[in-house]
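*Asks:* So the chains spell out like this:
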Amino acid sequence: MKRVRTSGLAALAVGMLALTACGGGEDAADSGGGGESGGELRLWLAGSDTPQELRDHLVETFEAEHPDATLVIEEQDWNGLVPRLQTALTSESQTPDLVEIGNTQSPTFTYAGAFSDISDMYEELGGDDLLQGFVDAGTVDDTLYAVPYYSGARAVFYNKEVFAAAGVEVPTTLAEFTEVAQTLQQANPTGAPSFSGFWLPGQDWYNGVAWLNSHGGELAVEEDGEWTGALSSPESQEGLAEVQELFTTATSAPRDADSNEPWIAFNNGEAAMFSAPTWARWSIDLPACNKGVAADDESEAAKALLAEQQACNEEKTGIFALPGLEEGSVAPVFAGGSNIGIPAKSGNQELARDLLRIIFSPEYQTMLAENGLIPGNTEYADALGDDVYAQAALAAAVDAELTPPAEKWADVEGARILEDLFQEIASGTDPATAAAEADQLITDTLN
Amino acid sequence: MSAPPAPAAPAPAAPRTPPPATGSTAAAPLRRRRPLPARVGPYLLLVPALVPLAVGLGYPLVRQFVFSFQEYGLAQQFGRPAEWVGLDNYVTLLSDPYVWGVIARSIAFCLVNAALTMALGIALAVLMTKVGRAARITLQVGMLLAWGTPVLATMTVWQWLFDSQYGVVNWVLAGPLGMEGQRGHSWLIEPLSFYAVATVIVVWMSVPFVVFTVYAGLLQVPDECMEAAQLDGASSWQRLWRLALPMIKPVLFVVALLQVIWDLRVFTQIHVLQRAGAPTRETHLLGTYIYSLSKEFSMAGAMATIMLVITLALTVFYIRRMLREDEA
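So the sequence lines, in the order shown, correspond to chains X and G. No gaps in the numbering here: position 236 of the first sequence is 236 in our numbering, and each next residue is one more. Heads up, our numbering is the position in the second sequence plus 1000, with the first residue counted as 1.
Worth flagging that the hints you see were computed from the coordinates, not collected in a lab. There are no misleading hints in this set.
Covered stretches of chain X (chain G as the covering partner; in silico rule of three or more C-beta atoms under 8 Å from a C-beta of chain G): (1) 85 to 97; (2) 104 to 116.
One side only, chain X facing chain G, incomplete, derived with CB under 8 Å: (3) 194; (4) 416; (5) 420.
Taking beta-carbon pairs under 8 Å as the criterion, some of the chain X residues facing chain G (in silico): (6) 252; (7) 254; (8) 255; (9) 411; (10) 414; (11) 419.
Quantities reported herein were computed from a predicted structural model and do not represent experimental measurements. Where is the CB? At the ideal position from N, CA and C, for every residue including glycine.
Chain G with its partners taken away, still in its complex shape (with noise of 0.2 Å):
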């Protein structure tokens, strides 16, 4: 008896809402006809999730934003007084051709990396659309296992892969293939090799990501498009890039804004293999430097600041876009 009645419940529901939202004269009485408590309950349901978002997120931006300005190192937190030095660490950092450098670095390898990420998700994502069913699942356990692996486990693996002495990669080419230059060869010692090595992990790691997110995204894509597009004459290529992924563009865009975050603060990786081998120091990413000044509160402040101008920086396009289409 009861069951019948609850789906019809929403529906008259749904269109009840939008006519507030549109005309303006009918929200004036609604709006006046609900006590206060009822107006501010919505807003107490945020407080818990608002609270730990301003003490987790937003105090430590503060002190590192206050951190900035000041001299503060291990003796400031035994109690010594900290110095207020004005802008004199973004002074010391941004004069110092090196963290340029390293800022230089970071942006070439987020994008390298965010590039190559998406184009081999995107393919993978198109590529399940196609395969049969068997395929497609041995494919997603794969990306699953992929990506639920912990991140610490996964660079064990893959350094032990690498690793110059005993490692699996050069086993095989020095051995079956038969590249006898390959014996003991560092593939972390040399910055090029290295961030290659990083790339591979790096990609390896965040294209399942990539690959569930636009699958979802190309499932949503209406046949009856799909199947229209065939009749007039287009090719398969012509349907993916002219119909489909324009189609799912706004989930593109989200998903490369988010892989461009990600791989400019990229940390674990990066430290992991600079601690097993690499010239530390010219290797560092905007992350693992930020860790090196660690010490040094105001300097890592300074730093991790700019870290924070260069992502807006670098993701203002696409938040200014996403807001457009948010708008439209």
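So that you can see chain X by itself, here it is in the shape it has in the complex (with noise of 0.2 Å):
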């Protein structure tokens, strides 16, 4: 209730501002895309990710550098964000200036023609050093339209009293991950009623394709422009397989269920193993270390006892790159994260790149790394540190793949084809079959 409420505020505001941004944005179009015009640029940020921190930097330098314009950022919520953009990119007097989208649903914005052509700006903004997959998922006919903003990479959290009490290590091979996860699963050393060696519920795609990509293994791939689905080649069926396995032997995490808040079954003691994205250590919170503060509650004592029920569920949990096949690799797994692009409705052209020229700038990048976040330009990642939450997010990211750079991607995904397709292999179904089926999907959703 609070957040359809909160949203519906946002969407007022929203409203609100883009009546006032007409003027904003008229002013700009009169100077002749002069860029050193006074008015207000809008930027659209998705979720809560970037920190307060951050959008303050972005703030104060932008209006340092243009002192008669203002920088406003507002915050979009993931959950109905291509509808919202959908609407707003169309109009030339709703439009933000400078807009975060999600990666995999980039290419259907680049290929409808949402965006302002940047190529020129390549090198600038870091070239070759850029996170490539997130460049090709921006890039429509070599036109280069959005660049990567964040990524967060997917790592495997394990429960060390659990490995203990089993007697297993640390895998270093993906075979080896499927033999630990059924060994926990058969030990189940907290006794819970429905136990998983390694939490995989049926619709976690987003998880399970790294198997798939271990093996070589594409959901789609191209083929002089026509797309087609690519999970029944030899490759992907390795994968899906291995899928299958752990569905029936490693987990008791429900069919029916998606990659959402796997953390809640570890919590629980009923899952030895997770998988998401780093920034999931904050969401750990064994019963062995809670010490029962309030979530209302601010004062010093709390935020203390808060640091050091954090300090207790780390020390508990353990975190590592899924291996890849062979021993030393890491597996290429699923990259979640943002690209950014300016809306080509947007009359703030110059301004809107200058605001870029400062994302991209050597200072804002060592921020984001300083935050948890793998920056759009990858030479500023030594800066997430050198913890071990830090080493697997870099570890995975390296080679993280992500989903076909498709103009219709973002259909597949709506249809929910993935979904589907990894819960009936949850079920039983034989992979070559559901396969053949989603592979039709996806060949006539993308064509």
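Two chains, two frames, a set of hints: combine them into the complex.
*Replies:* The structure is reproduced here in structure tokens:
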């Protein structure tokens, strides 16, 4: 309820801002895109991943460089972002001047012509140091429309005590990972009625796709401009067979659950391992560590207790990057993250480009990394630090893969084809049969 | 002083109005006597109601029709010209067996749900006329709560009840009732049990409306008739079937008509349950299927038009019947 109400308010606020922004947009258009005129620049950030400190930095730096312009940052909820962009970006009077958009949603909008050509800025923004998968997702016919903002990679969290009780070690290859998960499942050291060695819910293709990628499989491939589903390829099938083995022998996670909140079962002692973006560390809350601090308690004592609790949780929890086929390699896990682009209908093209330069400046990129996000320019990834979480995140991010940069990929996700596929595989359907059906649907959707 | 004449005034006014309606000769001089503004006036009063209707309902409907004969997607929204494709969208949809499956499922779901809602609603309404005051008020409050809770809040509760891991339903079945196989049972994963859960929720949410409407109707049945029937030896069952229900038939028709229309376009409940983990493609009904096409406005438009035709076809019987009863 609360979310509904706040998003309603946000919509109202956005609407009102849009009205006031009309003037700003026209002013800039009058000046012929000179870029030095005053006005208001609107940046849409998606979700709350960008910390306040970074937002303040953007506003201060931008306004220092442009004394007669203001920067307004508006936060958009990830939920329903696509339909909101669909309406806002098509209207000259309502469009923001710079938008953050999910990496998997990016191709749909770049193909539709929603963003301005920024190919000439490629070198200036970081060139080949930019996260290449994300650059691909923002490129159409060698024209660059959107650049990577940040990425978050998935890593495996595990309960050290449960590992010790079952007598297993951190696996070093993908095959070993399956064995470890199976051993844990059988040992069930916590005695929970439905225990999972590895928490893998039936619809969780975000994590499951790592097995497909490890064997060289793909979700879809492009040939002469035509996309075809590639789940039936021998490589993909090898990956899907292993996923099915995990489903049947290493997890008790419900077949009707998805990748949301995997830490709940982990916190309840119902799972020994789960895979999630590394910021899941803040959601771990083991009963043995819980200090019973009330959620609304903001006192110093409460903060101290929470810090103690967090340290305890992190001591009892280990993390590693999902291993690849060979010892010492890392599996190409699914990369979550976002792109950033300048809407074609924005009247503040030059100012927006200036803001883009600030975002890709060394200071800002370093700040992103310091806050646990893998920056769009990998040159600054070192600033992630060297704790286990940063190491796992970096190791996983090196080879992380995105969804195919097809124009209509968002439709595949909208139709939930992959959720359905993984659920069928979890239910025991022959992977070849399920994949053939999904391939057909993907091919029909993408072309 | 002014109070007594007030009720008296409408009394003569009432008989004055019918004559112009029945006698055409009386109507003619009446119309001639009234100046133009007076004649247009009532229609002007309709404007505030008609304009929003035309804008809010007419405009989208026209756009939907236009879209359905075009190729119109995201790119067209950003300015690419829309191509006219004639009946292509309709042909694509109607030649797809999957679409026919969705249509068949939707109609079956709609009829089952409307029938169940009506049966339960009438039963509860009759119950309300039989029980004492305290029980009736309890029933009414319960109904109002079910009716008044926002859909999404209701859906969250039901979703939790049927959650495979932590849901109350599985907990009760596996724990106290000892059905160990129900632990972790996924209710939503098989289409049939998915629709069963959906039916429970949809019926639960629309029964109150039927109960209140039918109960209001039953209160209008004159006691004298019922007493007379009782004196003639009719059992209470016969009094209900032969007397009370036939007397409130117009009410039942309207309610049934609304139920059919509502249950055919059911969206929120199905959409939320799908997101809770059901296989999406196997559980689409018309509403959610159209939504899934929403990036391709032209396809969605064509599908929505097909749905409009189905709705009209399903309700034509009721509408004709209603019109006939209006004339009588």
